[in-house]
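Same order as they appear, the protein sequences are chains B and Z. Residue numbering for the first sequence follows numbering that gives the first Met the number 0, beginning at 0 and increasing consecutively. Residue numbering for the second sequence follows numbering that gives the first Met the number 0, beginning at 0 and increasing consecutively.
Treat the hints with care, since some could be wrong.
As the list claims (entries may be wrong) - Derived pair list, reagent style EDC-like, types lysine to aspartate or glutamate, alpha-carbon separation capped at 20 angstroms:
#1 194(Z) / 157(B)
#2 196(Z) / 259(Z)
#3 258(B) / 256(Z)
#4 279(B) / 259(Z)
#5 280(Z) / 256(B)
#6 159(B) / 206(B)
#7 196(Z) / 256(B)
#8 194(B) / 157(Z)
#9 258(Z) / 256(B)
#10 202(B) / 79(Z)
#11 280(B) / 256(Z)
#12 323(B) / 33(B)
#13 202(Z) / 79(B)
By construction, these hints were calculated from the structure, which means they are not laboratory data.
Protein chains: 2
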Amino acid sequence: MKIRLALDAMGGDFAPAEIVEGAKEAVESNPDIEIILVGELDKINAYLSKKPAKNAKNGTNNISGTINVLASGENIDMHESAAKAVKAKKDSSIVLGLDLVKKGKADAFISAGNTGAVMTAALFGLGRIKGIDRPAIVVTLPTAAKPVVLLDAGANPECKPKNLEQFAHMGSSFSEKLLGIHNPSIGLLSIGTEKGKGDDLVKVSHDLLEDASINFYGNIEGRDVSNGTTDVVVCDGFIGNVVLKTMEGLASVMFNELKEVIKSTTRTKVGGMLLSSSLKKLQTRLNQDTYGGAQLLGVNGICIISHGSAKKKAIKNAIFLAKKSIEQGLVDKIKLEAHL
Amino acid sequence: MKIRLALDAMGGDFAPAEIVEGAKEAVESNPDIEIILVGELDKINAYLSKKPAKNAKNGTNNISGTINVLASGENIDMHESAAKAVKAKKDSSIVLGLDLVKKGKADAFISAGNTGAVMTAALFGLGRIKGIDRPAIVVTLPTAAKPVVLLDAGANPECKPKNLEQFAHMGSSFSEKLLGIHNPSIGLLSIGTEKGKGDDLVKVSHDLLEDASINFYGNIEGRDVSNGTTDVVVCDGFIGNVVLKTMEGLASVMFNELKEVIKSTTRTKVGGMLLSSSLKKLQTRLNQDTYGGAQLLGVNGICIISHGSAKKKAIKNAIFLAKKSIEQGLVDKIKLEAHL
Chain B
0 MKIRLALDAM GGDFAPAEIV EGAKEAVESN PDIEIILVGE LDKINAYLSK KPAKNAKNGT
60 NNISGTINVL ASGENIDMHE SAAKAVKAKK DSSIVLGLDL VKKGKADAFI SAGNTGAVMT
120 AALFGLGRIK GIDRPAIVVT LPTAAKPVVL LDAGANPECK PKNLEQFAHM GSSFSEKLLG
180 IHNPSIGLLS IGTEKGKGDD LVKVSHDLLE DASINFYGNI EGRDVSNGTT DVVVCDGFIG
240 NVVLKTMEGL ASVMFNELKE VIKSTTRTKV GGMLLSSSLK KLQTRLNQDT YGGAQLLGVN
300 GICIISHGSA KKKAIKNAIF LAKKSIEQGL VDKIKLEAHL
Chain Z
0 MKIRLALDAM GGDFAPAEIV EGAKEAVESN PDIEIILVGE LDKINAYLSK KPAKNAKNGT
60 NNISGTINVL ASGENIDMHE SAAKAVKAKK DSSIVLGLDL VKKGKADAFI SAGNTGAVMT
120 AALFGLGRIK GIDRPAIVVT LPTAAKPVVL LDAGANPECK PKNLEQFAHM GSSFSEKLLG
180 IHNPSIGLLS IGTEKGKGDD LVKVSHDLLE DASINFYGNI EGRDVSNGTT DVVVCDGFIG
240 NVVLKTMEGL ASVMFNELKE VIKSTTRTKV GGMLLSSSLK KLQTRLNQDT YGGAQLLGVN
300 GICIISHGSA KKKAIKNAIF LAKKSIEQGL VDKIKLEAHL
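Next up, chain B with everything else stripped away, as it sits in the complex:
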C-alpha cells in the first residue's frame, strides 16, 4: 500500500540536514513511501543533492518521484509559545504539514519541532476523535524484556480520571496495533501497588479502570516501568514526562559512566574493545529513538512527534512508525474504542 507522509523539514536541532537525510534513507529503503518535505525550499534543496526543486510557491514540487517539497514560510522556533505561534504563523512548516493531513493530501505528519506547537496545530487542524476529551502523547520505552507503551508523556500536565481512562483505551489500541500485543495489560502508575494507594487522581481512576473494557492489571510503581510489568503504563502528562526524561537522563549517564570506566586503564580498554559491538547493540536497544518517537493519540489523524535532537536514524524510524500506524488502521481502532 502506497503511503504519503508530510515531514516537517524545519523542526529539531538538526533540521533540515538530518531530516532530509532521514527522508532519503526511508524512501530508498521502501518504494511504497512518498514523502512531502515541508520547509524552506533553498535550505531543503541544499541537502537534496539530485534534482534541486524549482521555485514552488506553496505547491508540491516533485524531486525524485518519492520526495516532494512544499514551501513554507516563517518557522516556529523550539521555544516559542505554542498557541500564539500556531495562530500567527499560518504558513509555518508545522501548520502547513498538518493541513496536508487534514485535506487528505498526506496520511500522516511527522515533526521534530516545537512539541507544544505540533500538539496545538494538530488539535486545531485535525480535531479530536469523538469520545476523546484530551489527546495524549504516547511513547514506547525499552525495558528488560520488551518495549512498554507509556501515556500521557506530556500533553496534559493535569488530568481528570476520565482522561486516564481514555488514555488506557488508546494505549491498549496502540500496543495491540503497533507492537502486536494481544489483549495488552494496563498498569496505573502510582506509589504503592495496592488499590487505594496514590493521590486522589489515581484512587478514582483505579475504580474507572476496573470497570473499563480493558485488561487492567492494577496499580504499578516506578520500577515496574523499566521492568516491563505491564504492556501499557497510564499516568498524567506531568508524571509521564518526568518519568520519560528521567529514564533518558539516567540511561545516558550510565552509558557515559561505562565509557569512562572503559577508558580508565589499559586493561579496561581491552575489555571495552571486546565488548564494543555488543554494547552498541544494547545501547541501540535501550535508545528510545529506536521506536520512532512519540505519537499524539486522540486527534483525527496520525501525528508523530520526534525528539528535538532527532538525527536521520530517528527520523527514519519515525517514518516507519507513521507507516505502520497507517497500515494498521490505528486511528480507526481508537475511534472504535472511543465509541464503545
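Keeping the supplied structure of chain B fixed, place chain Z upon it in accordance with the hints.
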C-alpha cells in the same frame, strides 16, 4: 562524640539476620557508636553469636558493650495499614524504637520496616518541628558528577506550594550538613524549564521559591535529576517516589542487561572479566544504598528509613548516615531554618 542509635531489628526483608550483621560491623568499625537493637530477643540472640542476651522484658540488655537489646512485642508487617498498626501495636519494634529517641535514650532511630508505619510512629512519637507542616522523605541519588538530594520521595502524595517551600529549606539544610555543599542550588521538578511550565502546584511553588531565602535555580526536568543539574530536587511525594523507583528499576535493568551481554560469547566474557572490578565499583557508586537510605525530615529527631531489601552493608551505611546527621546537628539546623 559517643552516639546511641535505636535500630529496628525486625524490619525489612532480611531481618533480623542482616540488621544484626550490619549493627555488628558498624560498632566494630567505630567505637563511638552504641546500638540498641529493638526486636524479638530470641531471634536477635540467634545472630548475636557472643554473649547471648538474658531474658530482658522491655529493658535494655547489654551484649558486648556497644550493642544492647530492647525486647519488643508483636511486629508491624511490611504491608500492614500504618495508622492502625501503630495504634494497635504499642510494643512493636518501630514504636518502642522511636520511643527511645523521644525519651532521649537514643539519638536516632533506623528501620528497614514498613515505611508508612515508621513515618506515622515518628510523627506521633517525635512530633513535627515547628514551622514544618508536613515532614518529607529525603533520599540521596547518585548522578553523573555528584550525589543529588531529592525530596519528597513519598511521604506526601499530595502537596501544597508551602509544603514544597518547606521541603526546599529542609533539602538545603540536608545538602549542606550531610554532603558538605555550600549554598546548595535548589531545582523545582517540572516539565519544561521555563517559569510557568508545569502543573498548578509547580507554578505557584515557583513564585514562593523565588522569594525564599534559598539558592533557587528554577524549574528542572526529569533528565536534570540524573545529570545533577542542581544539588537539591524538590517535588511532591507522588512524583518523587515514582522518580526514585523508576531510577532504581532502570539502573537494575541496565546492569542486568550488561551482565547478559557479557555472558553472551567467549569474547565478551573475557571483556567482562577485564572490566569486572571497575564495573563493580561503578555499580556501588550508582547504588542508592551507598548513601544510607532515606531520612524523614521535619520530625523532631533523626529517623532513617532503609530500603526494605536492605542487607548488612545498607544497614551499616544507614547507621553512618544517622551518626553524621547527629554530629552535624541536622535537626537543629532545620529548626533554625524553619523559624526564619
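Structure-based check of each hint:
Straight-line distance between C-alpha atoms of residue 194(Z) and residue 157(B) comes to about 17 angstroms, which keeps the hinted pair within the 20 angstroms bound. With a C-alpha separation of about 41 angstroms, the suggested pair residue 196(Z) and residue 259(Z) falls outside the 20 angstroms cut-off, and the hint is violated. Between residue 258(B) and residue 256(Z), the direct Cα distance comes to roughly 16 angstroms. Compliance with the 20 angstroms bound is thereby established for this hinted pair. Of the supplied pair hints, the one linking residue 279(B) and residue 259(Z) holds, its CA atoms being roughly 14 angstroms apart against a limit of 20 angstroms.
Taking the CA atoms of residue 280(Z) and residue 256(B), the gap is about 11 angstroms. The hint holds against a cut of 20 angstroms. A hinted pair counts as satisfied when its Cα atoms are at most 20 angstroms apart, and residue 159(B) with residue 206(B) qualifies at roughly 13 angstroms. Distance hint between residue 196(Z) and residue 256(B) is unfulfilled; the C-alpha atoms sit about 31 angstroms from each other, more than 20 angstroms. For the hint linking residue 194(B) to residue 157(Z), the alpha-carbon distance of about 17 angstroms falls within 20 angstroms, and the restraint holds.
For the suggested pair residue 258(Z) and residue 256(B), the alpha carbons sit about 16 angstroms apart, so the restraint of at most 20 angstroms is met. A distance of roughly 19 angstroms separates the Cα atoms of residue 202(B) and residue 79(Z); the hinted pair therefore holds under the 20 angstroms criterion. Taking the CA atoms of residue 280(B) and residue 256(Z), the gap is about 11 angstroms. The hint holds against a cut of 20 angstroms. Our distance criterion of 20 angstroms between C-alpha atoms is met by residue 323(B) and residue 33(B), whose separation comes to about 14 angstroms.
Using a Cα cut-off of 20 angstroms, the hinted pair residue 202(Z) and residue 79(B) holds, with the two alpha carbons roughly 19 angstroms apart.
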